[in-house]
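Asks: First to last, the sequence lines map onto chains A and B. Its first residue numbered 1, the first sequence is counted upward by one per residue in my numbering. Its first residue numbered 1, the second sequence is counted upward by one per residue in my numbering.
Please note that the accuracy of each hint is not assured.
What the hints assert, rightly or not - Not everything, but these chain A residues come out facing chain B in the computed CB check (under 10 Å): (1) Leu-24; (2) Arg-63; (3) Arg-74; (4) Ala-82; (5) Pro-88; (6) Glu-91; (7) Ser-100; (8) Leu-101; (9) Trp-111.
What the hints assert, rightly or not - Anything over 12 Å on all C-beta distances counts as not near chain B; from chain A, calculated: (10) Gly-25; (11) Gln-26; (12) Pro-47; (13) Phe-50; (14) Val-60; (15) Thr-66; (16) Tyr-83; (17) Glu-93; (18) Ile-113; (19) Asn-115.
Unchecked claim - Reference excerpt, derived from the structure (chain B facing chain A, CB under 7 Å, subset only): (20) Cys-21; (21) Leu-28; (22) Asp-29; (23) Arg-55; (24) Gly-58; (25) Val-60; (26) Asp-75; (27) Pro-104; (28) Pro-117; (29) Ala-118; (30) Arg-123.
FYI, nobody ran anything at the bench for these hints, they're computed from the structure. Quick caveat: nothing in here was measured; it's all calculated off a predicted structure. C-beta atoms are modelled at their ideal positions from N, C-alpha and C, and glycine is treated no differently.
2 protein chains.
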Amino acid sequence: MMASTTVVEASVADDHDHEACRALGQILDRIGDKWTVMVVGALSRGPLRFNALMRTIGGVSHRMLTLTLRALERDGLVTRTAYLTIPPKVEYELTPLGRSLIEPLRVLSGWAIENRPAIESSRAAFDMAGEPG
Amino acid sequence: MMASTTVVEASVADDHDHEACRALGQILDRIGDKWTVMVVGALSRGPLRFNALMRTIGGVSHRMLTLTLRALERDGLVTRTAYLTIPPKVEYELTPLGRSLIEPLRVLSGWAIENRPAIESSRAAFDMAGEPG
């Protein structure tokens, strides 16, 4: 299922195709975005309404969640379904393409959780070394 | 090796710790950044000098590569070694922590390469549907 080349390998193998490389970089920026990671994680157990998503993802603003959901919908990773009930109900759900992103993002966020202490120690040491004596 | 929780699960399980959640989001933004993905990919085969990195990663500016390498050094993912030769030589190399990030980023960029056509079709359809008739 998984392509065996990295973005860099693709760009080296195919360096006439700068358009493709830019497009890949742009997709990476979208899927590596922290709010994307959190929305895909929150929807990985099933569809949710907007307010439930806001509660599940601590610290996201109404505006940022709206923008993130719209970008995910545009990319074909999330569907937005409006039910004509009173009051109206809108649900967000991962598409099959969106579900295929769960595992790569789980691996990435697992790495971040596991290595946060090491990264924070390294930053503290780096900043200390850079301070004027 | 890999933590079994996602960022979202961690934030739900541990929702008093907003500080930890913010820190994780910030690390995700760093490691999901497209230039980080490309630099880690380029260094995955061994150390490189700045100019060789620039050539390997098409389309990165001098300034952006400098900023990315400095952030990676601060995070403890890359070492910068200056050799006192004439002319001076500076090499960048992944640390063991940086090497542990190769595989998660390879999976992520593999997903992006594989699914770029589907994402681009979805965007075209979405933008078409949004145009005034």
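Asks: Hints first: check each against the structure and report whether it holds.
Replies: Comparing the hints with the structure gives:
1. Leu-24: Cβ of A:Leu-24 sits 5 Å from chain B, so the hint holds.
2. Arg-63: 16 Å, violated
3. Arg-74: 4 Å, holds
4. Ala-82: 15 Å, violated
5. Pro-88: For A:Pro-88, the interface hint is violated, since the closest Cβ of chain B sits about 20 Å away, which is over 10 Å.
6. Glu-91: A:Glu-91 check fails; min Cβ-Cβ to chain B is 18 Å, beyond 10 Å.
7. Ser-100: Because about 7 Å separates A:Ser-100 from the closest Cβ in chain B, which is inside the 10 Å limit, the hint holds.
8. Leu-101: 6 Å, holds
9. Trp-111: 5 Å, holds
10. Gly-25: Check fails; 4 Å does not lie beyond 12 Å.
11. Gln-26: 8 Å, violated
12. Pro-47: Consistent with the label, A:Pro-47 stays out of reach of chain B, its closest Cβ about 15 Å off (over 12 Å).
13. Phe-50: Correct as stated: the minimum Cβ-Cβ distance to chain B is 16 Å, above 12 Å.
14. Val-60: 9 Å, violated
15. Thr-66: 15 Å, holds
16. Tyr-83: 20 Å, holds
17. Glu-93: 15 Å, holds
18. Ile-113: Answer for A:Ile-113: violated, closest chain B Cβ roughly 4 Å.
19. Asn-115: 6 Å, violated
20. Cys-21: 6 Å, holds
21. Leu-28: 4 Å, holds
22. Asp-29: 5 Å, holds
23. Arg-55: 10 Å, violated
24. Gly-58: 5 Å, holds
25. Val-60: 9 Å, violated
26. Asp-75: OK, holds: B:Asp-75 within 7 Å of chain A, min 5 Å.
27. Pro-104: 5 Å, holds
28. Pro-117: Violated, because the Cβ-Cβ distance from B:Pro-117 to chain A comes to roughly 10 Å (cut-off 7 Å).
29. Ala-118: 6 Å, holds
30. Arg-123: 5 Å, holds
Of the hints listed earlier, those the structure fails to meet are numbers 2, 4, 5, 6, 10, 11, 14, 18, 19, 23, 25 and 28, in rising order.
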